[in-house]
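Asks: Model the full structure from these sequences, guided by the hints.
In this note's numbering, the protein residues as written are 18 to 215.
Some hints could be false.
Stated by the list, open to error - With a Cα cut of at most 30 Å, we get these calculated DSBU-like pairs of lysine-lysine: (1) 95 with 152; (2) 167 with 152; (3) 152 with 179; (4) 167 with 95; (5) 179 with 167.
To be clear, the hints were calculated from the coordinates, so they are not data collected in a lab.
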Amino acid sequence: MKRLLLLLFTALCGLLLSGCLELIRRPEENRDPSASSTPAFQSTVDAPSTASTLRDTTENLSAGNVVSRSQRTKRTRKQAEITRQVNEYALWCIDHSMWNEARSHMERGLVQDSTSASLHNNLAIVYEHFGQTAKAIDFYRRAGELNPGKERYQANLHRLEKLQQAVNDTSGKIDIFDLKRRTPGARRDPYQRHNPSF
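Replies: Right, dumping it as structure tokens:
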């Protein structure tokens, strides 16, 4: 009896600790990203899109600011380097189960470069880990808007939305006896007493 209780206790502890030791894994390159059940963590840096660079240039020119091409390139390289460093440190924090540190570091990184799709995606992964699915969906959506060509961001968003829909579908109350009573033409319960009228 003691052995059985010890075995059950060990299994329960192992189950509880497995959630604490969770790691984010990158999907293999040759796999379909939407088939993955875990979010894809992006440690590389996304180059700013041509549209965002053009928009920034147009805004600067309309404001009377003349920005040289070398200044734009230098600025985007600097942003890319900052984003790369933030992502690397955040991944290290996550590997060492320092989720709060990773979150705060990525939030500070977003203050410096709010157009980084990889930072938005990775921050969404952290919020998803914390159970804040509404925030996670917002950040996944923003990552997809910033870099629509990246299938991983769309796959993460689609996977979380499907998971959220499944939770919503199964969280309602189901009363099979009530359904049986409401169904027209339903068969009578054989155990229900039938009192004929005399």
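Asks: Give a verdict on every hint.
Replies: Going down the list of hints, with the structure as the test:
no. : hint         : in the structure
1   : 95 with 152  : holds (28 Å)
2   : 167 with 152 : holds (20 Å)
3   : 152 with 179 : holds (16 Å)
4   : 167 with 95  : holds (22 Å)
5   : 179 with 167 : holds (19 Å)
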